[in-house]
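Given the sequences, and given the hints that come with them, work out the whole structure.
Residue numbers (our numbering), protein chains in the order written: chain A, 1 to 137; chain B, 1 to 68.
By construction, these hints were calculated from the structure, which means they are not laboratory data.
By construction, the Cβ of each residue, glycine as well, lies at the ideal position given by its N, Cα and C atoms.
Careful: at least some of the hints might be erroneous.
Claimed, not checked - Among chain A residues calculated to face chain B with C-beta under 8 Å, some are: (1) Asp25; (2) Thr32; (3) Glu81; (4) Ala137.
As the list claims (entries may be wrong) - Some chain A residues flagged as far from chain B (calculated, every beta-carbon gap over 12 Å): (5) Asp35; (6) Asn60; (7) Gln122.
Stated by the list, open to error - Below are the EDC-like pairs computed for lysine to aspartate or glutamate, each with C-alpha atoms no more than 20 Å apart in a straight line: (8) A:Lys119 / A:Glu71; (9) A:Lys119 / A:Asp73; (10) A:Lys115 / A:Glu59; (11) A:Lys52 / A:Glu3; (12) A:Lys111 / B:Asp41; (13) B:Lys13 / A:Asp35; (14) A:Lys126 / A:Asp35; (15) B:Lys13 / A:Asp73; (16) B:Lys13 / A:Asp27; (17) B:Lys13 / A:Asp23; (18) A:Lys43 / A:Asp33; (19) A:Lys111 / B:Glu10; (20) A:Lys126 / A:Glu71; (21) B:Lys62 / B:Glu10; (22) A:Lys126 / A:Glu14; (23) A:Lys121 / A:Asp91; (24) A:Lys111 / A:Asp91; (25) A:Lys111 / A:Asp73; (26) B:Lys13 / A:Asp20; (27) A:Lys111 / A:Glu59; (28) A:Lys43 / A:Asp73.
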Amino acid sequence: MTEYKVDRETAEQEFDRFLDAMDIDGDTAGMTDEDRQGFDGQKQTIVSAIRKGRLYINENGEPVFTPSTVEIDGGVITFYEPSGASYMAMDSKKKGHDVAKMYAMMADMTKQPAKVFAKMKQRDLKVCQAVAVLFLA
Amino acid sequence: MRTPLVRGGEDAKHTGGEHVRPVVYSEMLRQVARDYSGLPDVRTLRDSEIRFFYEGLRPELKQATKPR
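Right, here's the structure in full:
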């Protein structure tokens with residue numbers, strides 16, 4: 001039985017606060033069915049992580065995630081706003097190399113080396129990827 | 001992506017699913033880097049800063065891109 005530390009309504013409000021702070025469009029009305037399905041999946045992953053206490057949104061609207069399958073300095077991974085360097089790093093990846101772009105963006109946004117994400121197990125990686133994919137959309 | 005770009009004198013968004021962060025913010029960053037002298041290293045500018053500076057250019061971009 002999964003133990004939730006945060007109720008769904010609060011978690012969804014925090015998710016909305018994150019979207020607002022990071023200039024991410026959460027209005028699904030204008031999305032294609034495929035995009036809406038993808039967005040709902042990412043939202044569900046992030047809301048679930050908030051509810052389980054594994055992720056919270058700090059006062060700057062930045063997601064702060066506590067991984068359980070890798071050890072990192074400070075114990076948490078903060079997703080800061082992307083920077084000019086993020087876009088330059090992504091631009092250097094070839095067209096179609098979306099996974100490489102996402103890893104480059106995650107590394108820059110979190111100020112963590114890319115190898116941290118390469119070592120992560122799926123239960124941590126899917127949360128980080130859900131956050132990163134929203135930034136790529 | 002919420003923030004529109006400027007096209008043809010108006011706020012505009014790419015269509016066909018192309019109005020995505022890497023595309024939009026890369027263009028805004030290039031515009032800002034070109035038009036503001038004295039900025040710090042543009043690689044260090046965060047999205048909120050890129051947005052702030054682009055918003056400052058928005059009125060004149062609309063003027064400059066208005067169809068004749």
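Consistency of the hints with the structure:
no. : hint               : verdict
1   : Asp25              : holds, 5 Å
2   : Thr32              : holds, 7 Å
3   : Glu81              : holds, 4 Å
4   : Ala137             : holds, 6 Å
5   : Asp35              : violated, 7 Å
6   : Asn60              : violated, 9 Å
7   : Gln122             : holds, 25 Å
8   : A:Lys119 / A:Glu71 : holds, 10 Å
9   : A:Lys119 / A:Asp73 : holds, 15 Å
10  : A:Lys115 / A:Glu59 : violated, 28 Å
11  : A:Lys52 / A:Glu3   : holds, 7 Å
12  : A:Lys111 / B:Asp41 : holds, 17 Å
13  : B:Lys13 / A:Asp35  : holds, 17 Å
14  : A:Lys126 / A:Asp35 : holds, 18 Å
15  : B:Lys13 / A:Asp73  : violated, 40 Å
16  : B:Lys13 / A:Asp27  : holds, 15 Å
17  : B:Lys13 / A:Asp23  : holds, 14 Å
18  : A:Lys43 / A:Asp33  : holds, 15 Å
19  : A:Lys111 / B:Glu10 : violated, 36 Å
20  : A:Lys126 / A:Glu71 : holds, 17 Å
21  : B:Lys62 / B:Glu10  : holds, 6 Å
22  : A:Lys126 / A:Glu14 : holds, 19 Å
23  : A:Lys121 / A:Asp91 : violated, 27 Å
24  : A:Lys111 / A:Asp91 : holds, 18 Å
25  : A:Lys111 / A:Asp73 : holds, 11 Å
26  : B:Lys13 / A:Asp20  : holds, 18 Å
27  : A:Lys111 / A:Glu59 : holds, 19 Å
28  : A:Lys43 / A:Asp73  : violated, 27 Å
Hint violations for this structure: numbers 5, 6, 10, 15, 19, 23 and 28, all remaining hints satisfied.
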